[in-house]
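**Student:** Each chain, letter by letter, is given below.
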Amino acid sequence: MSERVPKYRYTAGQVTIVRAIWVLIGAVLALMTLFPLLWMVSISFKTQAEMFDMGLVPANPTLDNFRYVFTQVDFVRYLLNTFFVAATVTLVALLFHSMAGYALARLRFPGREAIFLTMFSTFLVSLPVIIVPLFILVRSLGMLNSFSGLIIPSIFNAFGIFLLRQFYLSVPRELEEAALIDGAGHFRIYWSVILPISRPILSALAILFFLANWNAFLWPLTVTRDPELRLVQVAIAGFQGQYTAAWNYIMAASTVVALPMLVLFLIFQRQIMDSLKTSGLK
Amino acid sequence: MTTDDSSSSVRRRMGGLTRRRLLTQGTAFGAAGLVGGVTGFPFINRLSARAQGAPLKFWQFYAPGGNVESQSQWFEKTVADWNASHEQQIELEYLPNADYMDGTRLPTAFASGEGPDLFIISPGDFLRYYNGGVLLDLTPFIEDAAKSDFSESVIANRMVDGKIFGIPMEVEPMAMYYSIPAFEEAGLNENDVPQTWDQLLDVAQKLTNDQRYGVLFDVTPGYYQNFTWYPFMWQGGGDIQGADGQSSFNSPAVIQALKLWQDAVNMGAAPRQVLGGGGFDIVPNLGSGYVAMQNVGIWGIAALRDGAPDLPYGVFKLPVPQGGKYVTVGGGWAFVANARGANPEAAGEFCAWALASMSPDSVQRVTDWCTVAKSDMPPRASALEAGGAAYQEGMMGVFSREIYPGTRAEPRVPPEVYKIVSDAIQATMLGGQDPAAAAAAASDQLNAFLSGYSGAPVL
Amino acid sequence: MTLQQTDTAAGPRPAARRRLSFRTREKIAGYLFVLPDALGLLVFVGLPMLLALGLGFFEVDGFGGYRFAGLANYRRMWADPLFWQSLGATLLYAAMLVPSLYVSGLGLALLVERTNAWNGVLRAIFFLPQMVSLVVVALIWKMLTVEKIGAISRALSPLGLGGISFLGNPDWAMFAVVFVSVWFLMGFYMLIFLGGLQDIPKEYYEAARIDGAGPLSSFWFITLPLLRPTSFFVLLVSLVTAVAGGAAFDLIYVMTKGGPANSTSLLIFYAYQQAFQYNSFGYAGAIASILVAVLLLVTLVMFLLTRGGRFQYE
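Here the protein sequences line up with chains A, B and C, keeping their order.
With this note's numbering applied, the first sequence corresponds to residues 333 to 614, in that order.
With this note's numbering applied, the second sequence corresponds to residues 18 to 476, in that order.
With this note's numbering applied, the third sequence corresponds to residues 829 to 1142, in that order.
I should point out that these hints are in silico values taken from the structure, not numbers from a laboratory.
Predicted model only: the values in this text are computed from it and were never measured.
Check each hint, because a few of them may be wrong.
Under the rule of at most 25 Å between Cα atoms (straight-line distance), these lysine to any residue pairs were calculated in the SDA-like manner [what the hints assert, rightly or not]:
| hint | chain 1 | residue 1 | chain 2 | residue 2 |
| --- | --- | --- | --- | --- |
| 1 | C | 1085 | B | 449 |
| 2 | B | 94 | B | 130 |
| 3 | B | 223 | C | 988 |
Pulled out of the complex, with its shape left as it was, chain A reads as follows:
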């Protein structure tokens, strides 16, 4: 095996050129992706008068918009509310979905595929379609205007189950079998074998779930009335008036809201990449 000479062999120079091209492509694409968002940041530093002058660099940069956002409304509270809701939903959802995904992928029980397809079919409707009956249901459960009303209905979605099932399908059998021979029960296999190797996919899902709830608008708006329970996107929408919108405030608030997400992403994306190496799977 080691005797055979690879047909393709690159000189150091070729490798450098390829790497450089790779970096260049990445940089160009990144700039194109970033470009529209620069306007958000730019407007958040602009005064109302120059908001729509189309220039990217503010002529008279100001922090007033940020000051307004944090002083005129209880924005810190909204951020904390949102963090609490998003974090709780994410944690519980990851637990439930990984359990369900594991069972649907690996355990054999009658009706498994039918259960999975039925669960998947709930993925085929989006919130606006079901919002009226869902609202009535949540009301009859006494969960209106409460954190439980914000959190519990947001936990369940077939997307996460589906993704985890697809992931667990490709986990090598040997891992489980080794544990089974040791006499471990299914819960123990799930907890000490499956969960640890799921870190990359769970990290990816954590980002997606947290983000979806961090930016949620329609459900929080529908289920709560109490200003004490307000979440950030509902608060930001309040900056839009009848005939005019305070875009500078909206942009400043949105920039503030995006920052924690960016930090979270930078933390978790390392997990996605690194964990397989440390789990000793390969």
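Let chain A serve as the given structure and place chains B and C on it in line with the hints.
**Tutor:** Just chains B and C, lined up with the frame of chain A:
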């Protein structure tokens, strides 16, 4: 500041109480609600888990922290004044404007039997709620002197069979705004302000350059676009529905109005996209210099005052077609009460007390709303009088003297009719369809709809 | 810590284990593992879904009045030109969006697959659009694409394309919406593909390289086949996204409101309008039920063709 804090902490405590009460009631109703939901479909659910004597909910979109502080303050003061003198308390609840306009919150509330006790609606929504049977007849609460204080054109589209179902808080007529610097740049002055459609297109073309469009008509499909288009239809004598109850949409007046907007776009004098929130948003468009003339309502005065105070601008009334007659459209929102609310009696009383009583407080409240909180025409003669100087000077003077006298109230049309008209405007203006063909097709659809329509008269 | 937990968890078990066969225990575990999600989905999605779609057989006024209407809503749909136009728009949108997302998601994932600081930054940037609220996304893209003065129009004006209104011209609007959708969603799929790529043992590539395979052939013969479960997921999810709503609906709602001239009126948006603007909850339910039925059919076919999305596994 301190009073604000203490009142909010009181509200918080009360909120806690009601929530706890709601919770116990909620569990009691839980089983019944679930059974009702499963057996009889959710939309029959009229169970109200609301405790007797709880504050009435008043939904609107003037949020505190929004960009016009004086407007939310007016609402807070109005409700505080009522609460200070009445046993039945009222509580303000805010929805974001974008959601109130065409979102899900209000429809969801009504569909689930949880509609607010008090809310505000525009003429565009009137028939939807009236035909749904949720609007309370406010006539018994309004004294006769006050009834005649509202001008006919303003109150008519809130009335059915001589009864009043909504009390207008404002009148917002449409006009044309123009940027004086843009005119000067193009070598024009106030004598060139267009008075006919031909002049409008001509001037718009002159004002157009590689950075700027001459004139802006709204482009986004929606109630607002229809609203701004109606006066152009009326000016040539056109209308949606004839006296015979049939569609009168397939007429030369309608076709020429469709063609006017189409021509403006086709000759490159009007944009297909607008900046900011939409065609009603004047600062990002006229204020930024993107357009030289913009078709906007009276609120543009306040918006420009706040958002582009340094821009010299002028206002003129909508130009008319050959042989046409000047008319503009007046929008504006109204207080309405939910006939199926917790305490309709008190809700109706509140509407009349707030906006339609002959007491000086009530008149002043209307005046304050239209002059301090907004820059609108008042729906009441007495409020116009009380507004005094505010309606004599500057741009407001132009509106009250020249623009307002030709105002026709925004038509109330059922959603289906709105959509047919909207499709015709969109297809011609942006889709390039032949106006005559579009009008004919829309007219057929209107006839098909009207023949099966049984709600309150379309106005 | 792990040891302790497993010890206590295993405590009461041996007795039970002796009584039940392995198969039975596997079955019980399977049901118990699925139970929380199954129950939650049933109550908070399944039940509301059945109720909403069931309204397709009713005439609903949106204020508590309803009346059984049989197939009236479905007959109305058959004769409604806007339904067919919206269906066409939906198919066009899905036909453009699904392959674009697949290619861009996988392409970006391959681009930033290697772990280093630079790629960490790139990943964050490609994912950034997802982090911004849709109102902001809409406002910015409307600003960028506005005729004459928008940044994109100015960039294109040397080519003579400066006067194009990408969102205001029915010939362009759908392409513009697809473009923005891809921009918005590609980071999401990049993330999923990254997860999938991590799953492929690096030894395979090493062996292939030694066997003389170039980068293209190892992509073709190793990456793509081993990515099949992920690809299956991405294709199905992006199809559902394009057809049944989620992000697609939100983007249309904030950017074009279905215009100009109904050119971007996706079926899900049309159903939304029927429900919340015209109070025709019954008709909306009927339209949504068609969407669900079509998607269910496609899903079933895909599942049958791929042995439940399992491919060669099991």
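**Student:** Compare the structure with each hint and give your call.
**Tutor:** Evaluated hints:
Distance hint between residue 1085 of chain C and residue 449 of chain B is fulfilled; the C-alpha atoms sit about 19 Å from each other, no more than 25 Å. Between residue 94 of chain B and residue 130 of chain B the CA atoms are separated by roughly 29 Å; this puts the pair beyond 25 Å, and the hint is violated. This hinted pair checks out: residue 223 of chain B and residue 988 of chain C have alpha carbons roughly 21 Å apart, not beyond 25 Å.
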